[in-house]
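Chains as they are written, first to last, in the numbering used here: chain S, 1 to 398; chain Z, 1 to 281; chain D, 1 to 350; chain U, 1 to 350; chain C, 1 to 281.
Derived from the structure by calculation, the hints contain no laboratory data.
Ideal Cβ positions, reconstructed from N, Cα and C, are used throughout, including at glycine.
Keep in mind that the hints are not guaranteed to be accurate.
Claimed, not checked - Cut-off 25 angstroms, straight-line C-alpha distance, at most; resulting in silico cross-link-like pairs (DSS-like, lysine-lysine):
id: 1; chain 1: U; residue 1: 288; chain 2: D; residue 2: 177
id: 2; chain 1: U; residue 1: 246; chain 2: U; residue 2: 327
id: 3; chain 1: Z; residue 1: 191; chain 2: Z; residue 2: 176
id: 4; chain 1: D; residue 1: 177; chain 2: Z; residue 2: 191
id: 5; chain 1: Z; residue 1: 144; chain 2: S; residue 2: 159
id: 6; chain 1: C; residue 1: 114; chain 2: U; residue 2: 104
id: 7; chain 1: C; residue 1: 114; chain 2: Z; residue 2: 277
id: 8; chain 1: Z; residue 1: 176; chain 2: Z; residue 2: 277
id: 9; chain 1: S; residue 1: 159; chain 2: S; residue 2: 193
id: 10; chain 1: D; residue 1: 246; chain 2: D; residue 2: 128
id: 11; chain 1: Z; residue 1: 144; chain 2: S; residue 2: 195
id: 12; chain 1: Z; residue 1: 176; chain 2: C; residue 2: 196
id: 13; chain 1: U; residue 1: 184; chain 2: U; residue 2: 104
id: 14; chain 1: C; residue 1: 196; chain 2: U; residue 2: 128
id: 15; chain 1: D; residue 1: 104; chain 2: Z; residue 2: 191
id: 16; chain 1: S; residue 1: 159; chain 2: S; residue 2: 195
id: 17; chain 1: S; residue 1: 195; chain 2: S; residue 2: 141
id: 18; chain 1: S; residue 1: 117; chain 2: S; residue 2: 141
id: 19; chain 1: U; residue 1: 246; chain 2: U; residue 2: 184
id: 20; chain 1: U; residue 1: 104; chain 2: U; residue 2: 128
id: 21; chain 1: D; residue 1: 327; chain 2: D; residue 2: 246
id: 22; chain 1: S; residue 1: 195; chain 2: Z; residue 2: 176
id: 23; chain 1: S; residue 1: 273; chain 2: S; residue 2: 283
id: 24; chain 1: S; residue 1: 141; chain 2: Z; residue 2: 277
id: 25; chain 1: S; residue 1: 141; chain 2: S; residue 2: 193
id: 26; chain 1: D; residue 1: 288; chain 2: U; residue 2: 177
id: 27; chain 1: Z; residue 1: 176; chain 2: U; residue 2: 128
id: 28; chain 1: D; residue 1: 128; chain 2: Z; residue 2: 277
id: 29; chain 1: D; residue 1: 104; chain 2: D; residue 2: 128
id: 30; chain 1: Z; residue 1: 176; chain 2: Z; residue 2: 53
id: 31; chain 1: Z; residue 1: 53; chain 2: S; residue 2: 159
id: 32; chain 1: D; residue 1: 327; chain 2: D; residue 2: 288
Stated by the list, open to error - Chain D side only, calculated, beta carbon under 8 angstroms to chain Z, not exhaustive:
id: 33; residue: 132
id: 34; residue: 150
id: 35; residue: 281
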Amino acid sequence: DILFWSTQAKPVEETQAMREQVLSGFSESVDYQASDTGPWLTRIQAELEAGQGTIGLLGGLHGDFTTLADNLVDLSDVDLGGVSVNDTFQQLGRLGTDEQKYLPWMQATYIMAANRKALDYLPEGADINALTYDELIAWMKTLAEETGGPKFGFPAGPKGLKHRFFQGYLYPSYTDSMVTKFRSAEAEEAWNKFKELWAYTNPASTSFAFMQEQLLTEEVWVAFDHTARLAEAFNQRPDDFVAFPAPAGPTGRGFMPVVAGVAVPETAPDMEKAKALAAYMLKPETQIATLRATNFFPVVDVELPDDMPAAVRISGAAIAAMSGAEDANPGLLPMGLGDLGGKFNQVYNDTFERIVLAGQDVRAVLDDQAEALRAIMEEAGAPCWAPDEPSEGACPVE
Amino acid sequence: MEQRSLPYLLLLPATLFLCVFFIYPFLLVAWQAVSQDGSFTLEHFRTMADHWKFSTAFWNTILLAMAVVPLQLALALLMATLVTRMGAGRDVILYIWTIPLGISDLAAGIIWLAIFEQTGFLNSILSSLGLIDQPTTWLGYQDKATIFIAVVLAELWRATAIVLVILVAGMGLIPKEYYEAAEVFGAGPWKRFVRITLPLLRPSIQTALILRTILAFEVFAVVAALGGTNLPVLMGETYVWQFDLQDRHVAAAYALVILAISIAFTLVFLRTLRVPKEARI
Amino acid sequence: MAEISIRNVAKRFGDFTALHSIDLTVEDQEFMVLLGASGCGKTTLLRIIAGLETPSQGEVWIGGRRVDHLPPRQRGIAMVFQNYAIFPHLTVFENIAFGLRMQKLPQAEIDRRVTRTAELMHIGQLLKRYSGQLSGGQRQRVAVARALAMEPDVILMDEPLSNLDALLRLEMRAELKGVLAESKTTTIYVTHDQVEAMSLADRIAVMNQGRIVQAAEPIEVYRNPAARFVGSFIGNPPMNFLPARKADNGSWQVAGVRFDGPQAEREEIAFAIRPEDLHPAEDGLPAKVRVVEPLGPHVLATCEVEGHLFRAVLDSDIRLRRGDTVKLAPMPQRIRWFDPESEESLQPHR
Amino acid sequence: MAEISIRNVAKRFGDFTALHSIDLTVEDQEFMVLLGASGCGKTTLLRIIAGLETPSQGEVWIGGRRVDHLPPRQRGIAMVFQNYAIFPHLTVFENIAFGLRMQKLPQAEIDRRVTRTAELMHIGQLLKRYSGQLSGGQRQRVAVARALAMEPDVILMDEPLSNLDALLRLEMRAELKGVLAESKTTTIYVTHDQVEAMSLADRIAVMNQGRIVQAAEPIEVYRNPAARFVGSFIGNPPMNFLPARKADNGSWQVAGVRFDGPQAEREEIAFAIRPEDLHPAEDGLPAKVRVVEPLGPHVLATCEVEGHLFRAVLDSDIRLRRGDTVKLAPMPQRIRWFDPESEESLQPHR
Amino acid sequence: MTTATATAAATAADIRRPARLLFAATIVLLCAWVLAPIYLLTVNALSSPDQVNAFPKSFVPGFEMGSITFFLQFGGVLRALFNSILVAGITMVLAIGLGAPAGYALSRFEFRGKGTFRIMVLMTRAFPLPLLALPLAVMFIRTGLDDTAIGLAIVHTTLALPFAVLITFSLFSGIPVELEEAAWTLGCTRLQAFYKVVLPLVLPGIAASAVFAFVISWNEVFAAAVLTIENRTLTAFLLQNLDVSPLHLKFAGGAVLVVPALIFIFAVRKYLFAMWGIANR
Ligand SMILES: Nc1ncnc2c1ncn2[C@@H]1O[C@H](COP(=O)(O)OP(=O)(O)OP(=O)(O)O)[C@@H](O)[C@H]1O
Ligand SMILES: Nc1ncnc2c1ncn2[C@@H]1O[C@H](COP(=O)(O)OP(=O)(O)OP(=O)(O)O)[C@@H](O)[C@H]1O
Ligand SMILES: [Mg+2]
Ligand SMILES: [Mg+2]
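Only chain S is shown next, with the shape it has when bound in the complex (with noise of 0.2 angstroms):
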């Protein structure tokens, strides 16, 4: 048994998906485990810790690698047999050494997604696949009035992804920028902006993690979130609900990939078979079977066969249009902030609470948050990533 302990594919049907479709292929027996962060964090620290474990092969997310990077073992040297693998994600894969710590797994994005009843109050001359912020809140407004209540949806509970949000589409989209313009007068109109769409938000969005459960009771008739946490949605009822791309600000339509990836911690019981594992984790056919199980998207150059699930047909147009859109303006994950990773994404949502939630002051609260997100990258020390222009040394916060 190689024991796969992972914080992906979490709800149950999509762990016992990878187990059944995914991982019944390879020709040992695999015990997938997913967990939440914490849990994982703390078995394989204790591993780590212990020196010795049962653990074989880690799965995560960029993020949660981060703090393990010292006691990853090089996979460079394993043999992918040919399978070409994207670049930037083999990149981010390094964790900002010279070895490979992790290899990308599988990826996502976030994208939004609509019911149809929703489509007849878009604004007049909007295009779903080209829509602006400006036109996304008027939508909402005029939803909000003429239905009754704010009908938007977004993912701001607890275990949501809200921090991808700012980083990933708000900033890019209005500053051009994720950490240099934290505290421009850009990053103030963004905020102002989005203020003004949280007014017709769903007002329990600070609960809700998964919007594709909302989208099913019609809580919310659109909502922006993780590809994967809309599946369900689309899987169950696909001609009830439209996928489209993010929308645009003055600098373009800021967006960003998710990627997770697979690590081999270096007290694995059998090195070689962890391994081999991770190489049968890239195989194309493995990648296909892994979007079937979790509609997260190969890293890998594969054919998607036609058959796929509603979910992954409908998310995939609206992928690709996303960033096939001339405007498009993509930007990566968070690179060598190493364990400050969480503090970094929680700048953020800081940010966003003070502001959204709690109504505070958006020049202070920016000026406020800008000293702690300057601390934090002048002690990881990690140079600027896409959008921001690459800087020499720490990016800096303007």
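Since the structure of chain S is already known, use the hints to place chains Z, D, U and C with the ligands on it.
Below, chains Z, D, U and C with the ligands without anything else, positioned relative to chain S:
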């Protein structure tokens, strides 16, 4: 005489157990709260206290405990009294009332969220009764008060059974002759409750209060389910620092704060509800 | 006005009948003593009057009100429990004050009453103690004080002095009688001490196996037992019984001696005499001495008359030894006769 | 061999001294009765012997072994508790069998012993009941049966018959005495019933306020009290005391009457006589009658002699009324004298 | 007046008609309060995803077993169930075995260090477990306790022990010492007196704290997730990610989680209230 050493002997297994499996790891964690790279510092406490959420989380936790625990005690006392006055069917009722005992906070959070959600049962009832035509939002970020009430209700539902069983077990040990004497000397049901049940139940009440208060300071799952990020509590913040922010030092500092207020309240209960040795049964 | 009237009351515990149809009236201000063997139902009867037990049948009236459906606190009673039931969480003072506080009396009045009854019961110096710090007799006195302090219309006492030494008891007894008479309280008092019963009671109700056998003045109960049980139960030592065979002229033959007796259509009835109503005399009943016990001024001689147990209380001057045979003559006016079947008295002398 | 020897034992509860330096030896197979006022420390002493209370000082020896440091079960004792301590979760049978099961006796033997002691205590028909279903007296008998069934070397009984009616008590008393004598058990028995004490005891130990005042045979304690307390405590009613003023020729003047008395370097001593040792006579003490109470064959006359309380037990034939003055003569050989300060006996007659 | 027991009869006079009605109504209301959320959980567990997501929600189940079957079909469910019961069982035994003697000592003796011990016990409950999990896991991995039922039970015992100690403490305080003393004089050692006299009397309370221990262990997720790999408990195996699963599975999972615990409480119910028939003293 064996009298002297016996209590220590009786405590020995539990003590040894706790030393190995609690005190030792606890000391390791506690050390993290007050050290940085091996040297003593209060920096982490400062970081914690300076964080803008700290005082909100702190007061939310205290307020929740202050609201939930007394209500639970009152409800459990009511239930226990009803149970003791019941004839046939007592077992069944008691079983029903202790059902929530078996329900984890995780499950309780799910159930209560399903009730208070916008498309949840509460709105379903209200709308089928025609009281509302649009689902009302109960748990929105502006509805701090409703969230608070919802959390209190859920906690009340989930964790009153613990108090109930402690009290029922305690009441079972009060000799009925005392009630009879009180009755003859003019005490009505209420007076009997206040003058006989409550004082004689003091050890049980003390136990229930201490345990419940400590647990109340650790509320998390239900609050997170119902309140999301709107109702930060200490335990939630501890999680955030430990796992999201990956700062074990500050997380440990939070944990010590929880520990400190728990012990403070415990001491208060131990003091105020102490039964003098000579006044025991 | 607190007359107690018990009408046709019965109490069953499952199969077991603790009280069979009891009828008893206790006059206002009367001091009624309940006497009876252990387990005969005295406590049960008190508890029914107090309202702590629901009768299986019958009615209880107090002061002209039917009370069976009233809770104890509305019956205007106070009670001393056989096992005291002193509240362990309260001091002696608060125990005694308990009922008074229920009546919301002013503190000064409470202090006054508690102090007074505590003094009466000689526990004035124990007021700050808890029941765990008291001796058995002290607890019992607290229980009595608690009831007295209530100054109720009716007081029910279940063996209130059983754990006290003779001296204290004597004293308490006198005090109780005085206090209760003064406060015009109707009292039902359970005791197994006959001296106590005799000296306290206005009337004595003798119970046997869940029935009231006789309720009359003490001297009447002592001298003219209504049933054989009463004679055999009351008196320490109790009455002696011997079989009497019919002789001629309406006289009866007892252990070879002839006595005048009642007219009865029986071949055999029971002859009864109290041990202290015997004296050695030539024409007495022949008794074989088995045991001689000194009782201070007297001796108790346990003898055998024609194979029947026969006791005599004699002056200690009389020298007796085991194995002796003495002739014991009964005082004629003290001889009683009982029907052997109904066990009821055959009263020729009245 | 189970001699009990208590040496210099004291017990303090906080400030309060319940026992002051007690010395007492109970011979093997002796039946020792403890008598004393309520709260004088009887229960405390028993508990110390049983090992339930640690003495504040002193030693306890049983059967030649020092036992103060042994737990109760190793002392070879059984005890009857003043308030029974019947296990509520066990039936009467199991309560009685409890100690036997601890000794791992075979079931047949347990059955035998339980049945036997239960019969002895007249609770044979209650064996299946729980304590909540018993009357006070029945519980008490279960407690006694439980101790007896153990057949221990030493048995400690704390008022074991206090809740029984006179008749049953008389019977139980006889049974107890028989059984304990037969099984050669050393017994310490607390009672407040003096008749019981007199009839059961080999020796009586009289306690007063945490001290043993006299330990002697019953008749000795009754006739020759070692201290004024003993005389005033024992006897029902107790001894009468009058002040005696020194007259000439070693005689003493009491209420205007002269008596021969002890030599004493005192101006005033105490004259004492038991109420039953008085008879009306011309040369008697002038007594003013206050209350007359019938006591069956006798009357108890409570009088006043020179302002002092004075009781007499007289034949009921003597006609007395409140307010009469009678002359009461003491039996000369029964007069006792006490030192007014030490309160100890001044014994001229021995 | 036909009520059976003496107590009921004694108080019967107290409760006259309006009061009696109120009494019954309160009981019914409280039962409804406890049962309603459970009912909703069941309704949803037995409904299809569509029904679960509908609004207004239906209050009768659709009797679709799909969601429940989904869980029951998981490979290794039975094994996980067995592990859960095993771990909870060991926890129960350990918690009572270590806790009851300590509770007894606290209730019967006055000794130095009593207060300290009480606080130490409470600390275990007042300190957030997730922080302790790391050092404990390291310790367990090193000593081979990792991934064993006993290892996990040990952690759960630290959670359950405070309950066991405090509840038994309050129960023992309600038993008259005299009964024990009587047992000593009848030849019992302290231990024998304890289990022959005290234990039967406090059995309901002991059962209650055993139930707590069981339920605490049953519902505990964090440590179970960290400390068991091959020997997963049911919670860790199926349900630790319940809160991020689709709604219909949340409910079904909740039900799967709750039902065994309820069965357990039901099974021990008779011990919980076994001694009620017997009057005290
Ligand atoms: N735990 C205690 N704390 C303080 N005083 C106590 C305690 N126990 C007993 N006493 C006191 O010690 C004295 C002796 O008590 P003990 O129980 O031995 O009396 P006793 O002779 O058995 O009386 P009784 O005949 O009334 O049962 C009493 O005055 C009592 O109040
Ligand atoms: N709850 C009960 N269940 C069954 N029988 C009972 C119950 N309570 C009392 N009894 C029985 O009823 C009878 C009367 O009991 P009660 O307590 O009235 O006696 P008592 O006259 O007070 O005796 P004592 O002088 O011994 O206290 C007894 O034989 C007793 O065993
Ligand atoms: Mg009785
Ligand atoms: Mg005593």
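Right, here's what the structure says about each hint:
1. In summary, the hint linking residue 288 of chain U to residue 177 of chain D is supported, as the alpha carbons are separated by about 22 angstroms, within the 25 angstroms threshold.
2. For a cut-off of 25 angstroms, the pair hint linking residue 246 of chain U to residue 327 of chain U stands: about 22 angstroms separates their Cα positions.
3. A hinted pair counts as satisfied when its Cα atoms are at most 25 angstroms apart, and residue 191 of chain Z with residue 176 of chain Z qualifies at roughly 15 angstroms.
4. For the given pair, residue 177 of chain D sits about 32 angstroms from residue 191 of chain Z by alpha-carbon distance, which is inconsistent with the 25 angstroms threshold.
5. For the suggested pair residue 144 of chain Z and residue 159 of chain S, the alpha carbons sit about 19 angstroms apart, so the restraint of at most 25 angstroms is met.
6. For a cut-off of 25 angstroms, the pair hint linking residue 114 of chain C to residue 104 of chain U is broken: about 37 angstroms separates their Cα positions.
7. For a cut-off of 25 angstroms, the pair hint linking residue 114 of chain C to residue 277 of chain Z stands: about 14 angstroms separates their Cα positions.
8. For the hint linking residue 176 of chain Z to residue 277 of chain Z, the alpha-carbon distance of about 21 angstroms falls within 25 angstroms, and the restraint holds.
9. A distance of roughly 24 angstroms separates the Cα atoms of residue 159 of chain S and residue 193 of chain S; the hinted pair therefore holds under the 25 angstroms criterion.
10. Pair hint residue 246 of chain D plus residue 128 of chain D does not hold up; C-alpha atoms about 68 angstroms apart against a cutoff of 25 angstroms.
11. Restraint check: the Cα-Cα separation between residue 144 of chain Z and residue 195 of chain S comes to about 19 angstroms, which is no more than 25 angstroms; the hinted pair holds.
12. Of the pairs offered as hints, the one joining residue 176 of chain Z and residue 196 of chain C holds, with about 23 angstroms between alpha carbons and a cut-off of 25 angstroms not exceeded.
13. The suggested pairing of residue 184 of chain U with residue 104 of chain U holds, with an alpha-carbon distance near 22 angstroms, which does not exceed 25 angstroms.
14. A C-alpha spacing of about 18 angstroms is found between residue 196 of chain C and residue 128 of chain U, which places the hinted pair at or below 25 angstroms, so the restraint holds.
15. With a C-alpha separation of about 12 angstroms, the suggested pair residue 104 of chain D and residue 191 of chain Z falls inside the 25 angstroms cut-off, and the hint holds.
16. About 21 angstroms separates the Cα atoms of residue 159 of chain S and residue 195 of chain S, which keeps this hinted pair within 25 angstroms; it holds.
17. Taking the CA atoms of residue 195 of chain S and residue 141 of chain S, the gap is near 12 angstroms; set against the 25 angstroms cutoff, the hint holds.
18. The suggested pairing of residue 117 of chain S with residue 141 of chain S holds, with an alpha-carbon distance near 15 angstroms, which does not exceed 25 angstroms.
19. With a CA separation close to 51 angstroms, the supplied pair residue 246 of chain U and residue 184 of chain U exceeds the 25 angstroms bound.
20. Of the supplied pair hints, the one linking residue 104 of chain U and residue 128 of chain U holds, its CA atoms being roughly 21 angstroms apart against a limit of 25 angstroms.
21. This hinted pair checks out: residue 327 of chain D and residue 246 of chain D have alpha carbons roughly 22 angstroms apart, not beyond 25 angstroms.
22. Of the supplied pair hints, the one linking residue 195 of chain S and residue 176 of chain Z is violated, its CA atoms being roughly 65 angstroms apart against a limit of 25 angstroms.
23. Note on residue 273 of chain S and residue 283 of chain S: the hinted pairing holds, with a Cα-Cα distance of about 15 angstroms set against a maximum of 25 angstroms.
24. Proximity of residue 141 of chain S to residue 277 of chain Z is assessed by CA-CA distance (about 69 angstroms); at most 25 angstroms being required, the pair is judged violated.
25. About 13 angstroms separates the Cα atoms of residue 141 of chain S and residue 193 of chain S, which keeps this hinted pair within 25 angstroms; it holds.
26. Proximity of residue 288 of chain D to residue 177 of chain U is assessed by CA-CA distance (about 22 angstroms); at most 25 angstroms being required, the pair is judged to hold.
27. For the proposed pair residue 176 of chain Z and residue 128 of chain U, the alpha carbon gap of about 22 angstroms is at most 25 angstroms, so the pair holds.
28. About 14 angstroms separates the Cα atoms of residue 128 of chain D and residue 277 of chain Z, which keeps this hinted pair within 25 angstroms; it holds.
29. A C-alpha spacing of about 21 angstroms is found between residue 104 of chain D and residue 128 of chain D, which places the hinted pair at or below 25 angstroms, so the restraint holds.
30. Taken as a hint, the residue 176 of chain Z and residue 53 of chain Z pair is broken in the structure, with Cα atoms around 52 angstroms apart against an allowance of 25 angstroms.
31. Note on residue 53 of chain Z and residue 159 of chain S: the hinted pairing holds, with a Cα-Cα distance of about 18 angstroms set against a maximum of 25 angstroms.
32. About 9 angstroms separates the Cα atoms of residue 327 of chain D and residue 288 of chain D, which keeps this hinted pair within 25 angstroms; it holds.
33. Interface hint at residue 132 of chain D: satisfied, since its Cβ lies 5 angstroms from the closest Cβ of chain Z, which is below the 8 angstroms cut-off.
34. Look at residue 150 of chain D: its Cβ gets to within about 7 angstroms of chain Z, closer than 8 angstroms, so that hint holds up.
35. Nearest Cβ of chain Z to the Cβ of residue 281 of chain D: about 54 angstroms, over the 8 angstroms cut. The hint is violated.
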